[in-house]
Each structure stands twice: as C-alpha cells, then as structure tokens.
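J.: Sequence:
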Amino acid sequence: MTQTTALNKYLNVRSFVRLRGVQTLLQQMQDKFQTMSDQIIGRIDEMSTRIDDLEKNIADLMTQAGVEEIEATPEKAKEGQGS
1 MTQTTALNKY
11 LNVRSFVRLR
21 GVQTLLQQMQ
31 DKFQTMSDQI
41 IGRIDEMSTR
51 IDDLEKNIAD
61 LMTQAGVEEI
71 EATPEKAKEG
81 QGS
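For the record, in the sequence shown the residue sitting at position 60 is 60 according to UniProt numbering, with numbers rising by one throughout.
If you're looking for bench data, these hints aren't it; they were derived computationally from the structure.
Okay, the calculated beta carbon distance ranges per label pair:
id: 1; residue 1: I40; residue 2: T2; range: 48 to 58 Å
id: 2; residue 1: D31; residue 2: L11; range: 28 to 38 Å
id: 3; residue 1: G42; residue 2: T5; range: 48 to 58 Å
id: 4; residue 1: G21; residue 2: D60; range: 57 to 67 Å
These numbers were taken from a predicted model, which means no experiment stands behind them.
We put the CB at the ideal spot given by N, CA and C, even for glycine.
Taking the hints into account, I'd like the entire structure generated from these sequences.
T.: Structure (structure tokens):
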C-alpha cells in the first residue's frame, strides 16, 4: 500500500469518525429539545387547567355575591356610576 493510499484511508476514517460525532451530537441536541418542548407543553396544559378552574371559582363567587356580570370596559363602569 502506498503512502497516499494509506493517508487517504486514514483521512476517510477520520472524516467518518467526525461525521458520526457530529451526528451523535445533533441527535443528543434534538432529544434534549424534544424533552424541553414536551415539558413546556405540559406546563402550558397545566396552566390552562388552573386558569379554567380559577375562572369557574370566580364565576361561582360572583353568583354567590349576586353579581350578574363583570363590566367589560372602564367606560361602562363609569357610565354605571353616573346613573
């Protein structure tokens, strides 16, 4: 085997090893990103449930207090005070 052939084989192996290393790193990054995305989506779902519960509790309290509806805008609240 000539030195050129041996050098080419060495460089090909070295390039392959680097490529595998890059592929492994990219896969690890993708896995970590997927895990983080799943955690974020889970937290958003949990927050949505908590907001729904809060809205229901507020509506229940308003019903108990005899309040019909929340004023939508500050202008409507001012109109109601002037009457």
